[in-house]
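S.K.: Protein sequence lines correspond, in order, to chains A and B.
All you need for this note's numbering is the position in the first sequence, starting with 1, plus 490.
Here this note's numbering is used: position 179 in the second sequence is 164, and no number is missing along the way.
It should be emphasised that the hints constitute simulated quantities derived from the structure, not laboratory data.
All C-beta atoms, glycine included, are put in the ideal place defined by N, C-alpha and C.
One should not assume that every hint holds.
[Said to hold, decoys possible] Chain A regions said to be covered by chain B (calculated; three or more residues, Cβ under 8 Å):
hint, region
1, 516 to 525
2, 665 to 675
3, 785 to 793
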Amino acid sequence: MTKKPKAASVKSKSKINAAERMLNLLALLSVRSQPLTLKQIRAELLNQYSEDGDAARAQFERDKSDLRNLGIPIDMITLGGAQAGETAYRVNRNNYELTDMGFTDDELQALQIAAATVRLGAQEGEQALWKLGAERVNPKLGPRASIGFADPHLGTILHAIGKRAPLTFLYKGETRSVDTYGMLARKGFWYLVGFDHLRKAQRVFRVDRIESSVSVGKAKSYDMPKNVDIVKSVPTERQMMAAGDYEHSTAQVRVHASLARIGARDFGAAAAVREEADGAVVFEIPCSNGYAFRLWLFAMMDKAEVVGPPDVRELVVRWLDEIAERA
Amino acid sequence: MAKKTVKKPAKKTIKAAVKKTAKKTAKKAVKTSAKKPAKQAARPVRATKRRGPRSASERVAGLLVLLPWLIKRKRVRLSDVAKQFRMSEEELIADLQMAAVCGVPPYTPDALIDVFIDEGWVVAEIPTFFSRPLQLTSAEMYAVVAMVRAAQKLPGAPSRSVLATAVAKLARLAPEATDAPMHIDLPDEPHLEELRSAESESAELRIEYFNPARSEVAQRTIRVVRIFSEHGHWYVMADDDKSGAIRNFRVDRIESLVRTGKIYNQADVASRLDDDAERGWFGDNLELVSLRVRGDAAWIAEAYPTVSQSSNKDGSIDVSLRITSEHWLARLLLRGGRNVEVLSPEKYVSLAARTARAIRAKYN
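Could you build the full structure based on these sequences and the hints that come with them?
M.R.: Structural data, given as structure tokens:
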């Protein structure tokens, strides 16, 4: 004990790093076949817990709860005999270690490529990859999709669906209780489809619009209906434009020749009513949902004009006047 | 005291390695951090958040993932490990150094975690503690399933049958996750397959492209750098002859595409990526505007990459974002209607009204 390397080890003697202590605790509890009391743990991990009993207890409780949060359950056993009433602690490695998945190299590589081509924008994807023994790779070629998986509710919701446990959360200012049938990721958003007990009907919720934490009810509380098509349950933009209560269901819109193909792309060639001399095309476009219709129409600025029916034309004029008068 | 004496050999190796790498990494760190902001601003994606000092449990969590991963590989370059786990080399060394002195009493070398650094390599050969990976959390399991399901829909995806057998193995652990009614709807793009094959064969393309910044369709010649989806749209990042820069084109705005017959050098194009792509998501002259949105115009805050966002007491949101052109902003304002207003710059405050009046003229 002549030359002491300064910093870490000297400091750790008096005040051991909490991370180091946590690792030592986990190692100790994992290797001992017998459960250990806090007193025994403190004796084994000499000087790592505070000498003060209460402080040591607080440190230990914190370590224990941190480990639990990492997915490492610590069993508590109440002892009998000479130590009657005392609590002892034990960790069963089988409760937190992954069993060997037996992936082939090809399978691991396929998972790696899948992970590289699909960005989740969340830690979970990478964490899982590493735990499975794979690694992040960066392929040079090929399309890469991004589906957000960062929403903190996702894990809870998906887990609850697996258990058929109803969810309760605040949505548009109301408390909703939902038997969830499935999830859909579309256009950067996650949707939840299920039976809404408040409305007594099947409803769709956008997960990022949930205004509270999500609480999970009792497992096996409902049956999964066989005939629900999750993908079709969530309306597309096109369906949204047709779903509304505006008195006119369609409008005729003249689209400038340069953008005519966009109209055909959005609503199909069948939506084209006629082509005019200058190459402009008149389309029959759903407008029941005035809001969605406005978004679509104004995206083309002055290259699209409603030609009928007169009511819809007047409505567009009112929209424009409203904006024009604001300045 | 006994503890410290036995620790010494293991510690020495690491200390030595630390000294050697410290200088190098310090220099490197400065260089990369200087470049970072530009890169983050250019990407529409939420940037990985910069970590502050890590808590004890974060460090432990990281090590419990890292150690089994290392033991499976035995020897990995320190720099590769740091890169893989998105850590600085300093952080990594500090964590490994800590792990190497952990174990069980009496903390003799055989009772410690076996990991050390040797000439820039991380070595973990003997499984003592923490050599098996942690179980996947339920969220991680679902993340893998989501990833695989999305990947299987991509053109040129890794062999579907191999992914299927991998998922079958996962199903033994968590059948509820692999059978989950979780659907991934990627935008259907007729041009995607053609773009992919052009990319893999380095074939130059001529496209007809609708430019929303001018509401017009123009011809361009492009060399594909990357194809990706974001916010529900497919984009192709490409070297564009017209602007002379690397730009992102929305695939659904490509009206037609044909090969020019020319083959380009992928490496040349890709090498310009760092300089060009960072200049901007949409192009060069990016002006910053501040908007206040509310009600049915709140989608503006979600639909575009914003530089900053803040919520006001009355429920409105102030966003600042970069615009490609006055025309593009006018279009956005028109679509947002009465629930969006320009806060700055001053010259755009009346842009919505002017635009509305111009279009209104058509209806007289």
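S.K.: Run every hint past the structure and note whether it holds.
M.R.: Results of checking the hints against the structure:
no. : hint       : result
1   : 516 to 525 : holds (count 5)
2   : 665 to 675 : holds (count 5)
3   : 785 to 793 : holds (count 7)
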